[in-house]
Amino acid sequence: MDETKAKFARQFIEAIPHAAAMSMRLDHIGDGVAEISMPYDARLVGDPQTGVIHGGAVSSLMDTCGGAAVISHPDAPSGTATLDLRIDYMRPASPGQRIIARAECYHVTRTVAFVRATATDEDRERPVASAAGAFMVERPPEADA
Amino acid sequence: MRRRQPEPVQVVKQRRDAALNALIHGVPYIGYLGIEFDRRGDELTAILPYRDDLIGNPMLPALHGGVTSAFLEVTAIIGMSWSILWEQMENGDLDPMTLDPRHLPRMPKTIDFTVDYLRSGLPRDAYARARVNRSGRRYASVHVEGWQDNRTRIFAQATGHFLMPPRNG
Numbered sequence: 001m002d003e004t005k006a007k008f009a010r011q012f013i014e015a016i017p018h019a020a021a022m023s024m025r026l027d028h029i030g031d032g033v034a035e036i037s038m039p040y041d042a043r044l045v046g047d048p049q050t051g052v053i054h055g056g057a058v059s060s061l062m063d064t065c066g067g068a069a070v071i072s073h074p075d076a077p078s079g080t081a082t083l084d085l086r087i088d089y090m091r092p093a094s095p096g097q098r099i100i101a102r103a104e105c106y107h108v109t110r111t112v113a114f115v116r117a118t119a120t121d122e123d124r125e126r127p128v129a130s131a132a133g134a135f136m137v138e139r140p141p142e143a144d145a
Numbered sequence: 001m002r003r004r005q006p007e008p009v010q011v012v013k014q015r016r017d018a019a020l021n022a023l024i025h026g027v028p029y030i031g032y033l034g035i036e037f038d039r040r041g042d043e044l045t046a047i048l049p050y051r052d053d054l055i056g057n058p059m060l061p062a063l064h065g066g067v068t069s070a071f072l073e074v075t076a077i078i079g080m081s082w083s084i085l086w087e088q089m090e091n092g093d094l095d096p097m098t099l100d101p102r103h104l105p106r107m108p109k110t111i112d113f114t115v116d117y118l119r120s121g122l123p124r125d126a127y128a129r130a131r132v133n134r135s136g137r138r139y140a141s142v143h144v145e146g147w148q149d150n151r152t153r154i155f156a157q158a159t160g161h162f163l164m165p166p167r168n169g
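If you're matching them up, the sequences are chains A and B in order.
Per my numbering, the very first residue in the first sequence carries number 1; after that it's consecutive.
Per my numbering, the very first residue in the second sequence carries number 1; after that it's consecutive.
If we strip away everything but chain B, and leave its shape as in the complex, we get:
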């Protein structure tokens, strides 16, 4: 049997980046907060570039607790949607070039979200990564860690439960 030629790396990257961009740019609130995503293979790191209007305590100053919470929730939802999308894409069930803001995969819905504020958010960029601890047919449980300067000095973490979008076919 002849081995199939691997796809050129640019083609693979372009397909994956197109899928990720469609996912992120379809959500106005992600753009409003200015959240970006860095992709290495299937691993995503969310980035919240610092902006003055993200401040909640102007005296310290510190990031708004609500901004931190929203950043972690966005990271969790995109993390889960991305893992579903990744699977469909790698199986060849989905062509990301057909995705646009009106034809996006349905996102998981948040059931509950608990944020643990470990230290105040400094007035600089923040990063976060989500880990899907359990992903069933209907429910998922996701943990998110947020940090700023040092990866090991977490400034906030969160756990959330989500209702999975119905699967088509």
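Extracted from the complex, chain A is given alone in its bound form:
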């Protein structure tokens, strides 16, 4: 992925109001792979007795990361939106730790992009969650000709 495109992708992610609200950071992007992380935040806790982050917050991170992977694909669409996303929660994320998502857009057709993703905390060996999704591919009108 060239510099201009990577810069465009970074700006694209940082312009997402909800991603900014959750302090998401784009750590890597290119060729259909994206890595986005977010800090532990007491406001995102789902279980006050353990301090574990709510699954919904992990979903937001995975969804953002999936979309980023799609727009960074070499057959890149100009935009994308989630069609469906399934998340499997494997273990609770450790309280106090950053959550890191890595998404790969492994196949793109003219209309659909397929993505798989995993999320970990600072223990990168044991995933917290995994996801699989289909995303819409938005192409500029002239590409339809």
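Do not take every clue at face value.
To be verified - Quick partial rundown of chain B residues pointing at chain A, CB under 7 Å, derived from the structure:
(1) P28
(2) D53
(3) P58
(4) E73
To be verified - Label-pair restraints from in silico Cβ distances:
(5) B:P165 to A:A6: 39 to 49 Å
(6) B:Q14 to A:S78: 51 to 61 Å
(7) B:R51 to A:R116: 24 to 34 Å
(8) B:Y50 to A:S78: 22 to 32 Å
(9) A:S78 to B:E87: 44 to 54 Å
(10) B:A18 to A:A42: 18 to 28 Å
(11) B:T45 to A:Y106: 31 to 41 Å
I should point out that these hints are in silico values taken from the structure, not numbers from a laboratory.
Beta carbons: idealized from backbone N, C-alpha and C, even for Gly.
On the provided structure of chain A, position chain B as indicated by the hints.
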């Protein structure tokens, strides 16, 4: 046999609302997203009041897919917890006045959650209702529907499987 006098309606309402409030206000993430619940008897409707920082696509603009997913997941978890709580409360096994954020019933844990995005989320309030399709001793399956202006125009739906909290006694 003398029939027992029904409880005054305010007492019943106060007890149920106290239980619901304890359940919702104990979870920081629900407050962070600003989700509220409207209760009619045992039926709950979740409300996500619109806020600019819930946007995922500023060009359209549209709600963030992650926000939609989180909203539906919160609706599912609260829906299930509420049905457990309701039963305990109506049986007289639980006094909701004793509930506070440190003494809440354990919530179900999400095993998996699949969201189907039917149309983009408009920049306005969203609503959702959960239906517990199966609730066993260990697992539950829940379906959630989300809509905005029209109840019949669903903008997202989801199905999730949950691990039920262990029952005390």
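Do the hints match the structure? See the list:
For P28 of chain B, the suggested interface contact is upheld, since its CB lies about 4 Å from the closest CB of chain A, less than 7 Å. Checking D53 of chain B against chain A: minimum C-beta separation of about 4 Å stays under 7 Å; hint holds. About 6 Å separates the beta-carbon of P58 of chain B from the nearest beta-carbon of chain A, less than 7 Å, and the hint is met. The beta carbon of E73 of chain B comes within 5 Å of a beta carbon in chain A, closer than 7 Å, and the hint placing it at the interface holds.
Hint check: P165 of chain B to A6 of chain A, Cβ distance near 45 Å, so the stated range 39 to 49 Å holds. Look at Q14 of chain B against S78 of chain A: about 55 Å separates their beta carbons, and that is inside 51 to 61 Å. For the pair R51 of chain B and R116 of chain A, the supplied restraint of 24 to 34 Å holds, since their beta-carbon distance comes to about 31 Å. The hinted window of 22 to 32 Å between Y50 of chain B and S78 of chain A holds, with their beta carbons roughly 26 Å apart.
Against the hinted window of 44 to 54 Å, the Cβ-Cβ separation of S78 of chain A and E87 of chain B comes to about 51 Å, which satisfies the hint. For the pair A18 of chain B and A42 of chain A, the beta carbons lie near 25 Å from each other, so the given range of 18 to 28 Å is met. At roughly 39 Å, the beta carbons of T45 of chain B and Y106 of chain A sit within the given window of 31 to 41 Å.
Consistency note: the structure conflicts with none of the earlier hints.
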